[in-house]
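Per this note's numbering, the sequence shown starts with residue 67, numbered consecutively.
Derived from the structure by calculation, the hints contain no laboratory data.
All C-beta atoms in this analysis are idealised placements derived from N, C-alpha and C, irrespective of residue type, glycine included.
Just to be clear, a hint being listed does not mean it is correct.
[To be verified] In silico DSS-like cross-links for lysine-lysine, where the CA-CA straight-line distance does not exceed 27 Å:
1) Lys257 - Lys232
2) Lys159 - Lys232
3) Lys223 - Lys281
4) Lys323 - Lys159
5) Lys114 - Lys70
6) Lys163 - Lys232
7) Lys257 - Lys69
8) Lys257 - Lys281
9) Lys69 - Lys336
10) Lys70 - Lys124
11) Lys190 - Lys163
[Unchecked claim] What follows is a list of derived Cβ distance ranges for each label pair:
12) Lys163 - Glu88: 14 to 20 Å
13) Ile162 - Thr140: 28 to 34 Å
14) Glu98 - Ser121: 18 to 24 Å
15) Leu327 - Glu88: 29 to 35 Å
16) Thr317 - Thr91: 38 to 44 Å
17) Ala139 - Thr317: 22 to 28 Å
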Amino acid sequence: MDKKILYVAIRAAIEAGAKIMEVYTDPNADFEIEKKADNSPLTIADRKSHEVISSFLKETPYPILSEEGRKIATEERRSWNELWVVDPLDGTKEFIKRNGEFTVNIAYVRNGYPEAGVIYIPVKQELYFGDCETGAYKVNGIAQAAPDGTVEALMEKGCRLPYEDKHEGFVVVASRSHLTPETEAYIEQMKQQHAQVTTVSSGSSLKLCLVAEGKADVYPRFAPTMEWDTAAGHAIVRAAGGEVYQAEEKTPLRYNKEDLLNPWFIVLPKEGRRE
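Kindly generate the complete structure, drawing on both the sequences and the hints.
Shown next as structure tokens:
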């Protein structure tokens, strides 16, 4: 995608992260926790992040599909060949637990597939970004993005993914909050196929980032997720040479579907299907 537009998304994610941290680090802050229709939590930080991101992305040519945005009719979305898919605060449960494992997710989707993505980890000030043309990158220690900055400058500052160094054994990344019996069975299956299997737990979209980095060999997700939970991470995995497949098929996940619920999926790195 246009690098100037990608940089707008990067700025949006970092500025939203700063707004989240204002709430997170305030000892007197009331998170104003509410319950959404699916019983998942929503905080004041989710809403503030959404406002920041919307203020940036409304200046781009593409409509926004956001977890915290207004409910948009399927009929309207059908005409959206290009759009942003946004999760202003992915890992709200981790935010409430104050374990730092929450992210800001912004993805650019074209014709159903995520072609560019931005993930920002506010607590660590770590940025992941990438698109299918130029690859995936990680930048450490970034607290702000200058208005006159560029994607190219961030590429020079960051490290290209996946990393060259290899890990020992076979690493399975799993959800910290949603380790289902099906996932446990899959991990047992991997133990039958590989001599040394290590399970790494993580929250939010960080699980997809671990695969993009090459630190994990597979991320099986046999529990419900929504499109905004995975779109940005999926884009970064793709930019790093990997893919996110439907669990029972060899077809990648698609986005802006009539039903925004994802099917179960498996995330695989650049080396190919190793499950």
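Against the structure, the hints come out as follows:
no.	hint	result
1	Lys257 - Lys232	holds (19 Å)
2	Lys159 - Lys232	violated (31 Å)
3	Lys223 - Lys281	holds (21 Å)
4	Lys323 - Lys159	holds (26 Å)
5	Lys114 - Lys70	holds (24 Å)
6	Lys163 - Lys232	violated (32 Å)
7	Lys257 - Lys69	violated (42 Å)
8	Lys257 - Lys281	holds (18 Å)
9	Lys69 - Lys336	holds (24 Å)
10	Lys70 - Lys124	holds (14 Å)
11	Lys190 - Lys163	holds (16 Å)
12	Lys163 - Glu88: 14 to 20 Å	holds (18 Å)
13	Ile162 - Thr140: 28 to 34 Å	holds (31 Å)
14	Glu98 - Ser121: 18 to 24 Å	holds (20 Å)
15	Leu327 - Glu88: 29 to 35 Å	holds (32 Å)
16	Thr317 - Thr91: 38 to 44 Å	holds (42 Å)
17	Ala139 - Thr317: 22 to 28 Å	holds (26 Å)
In summary, the numbered hints that this structure violates are 2, 6 and 7.
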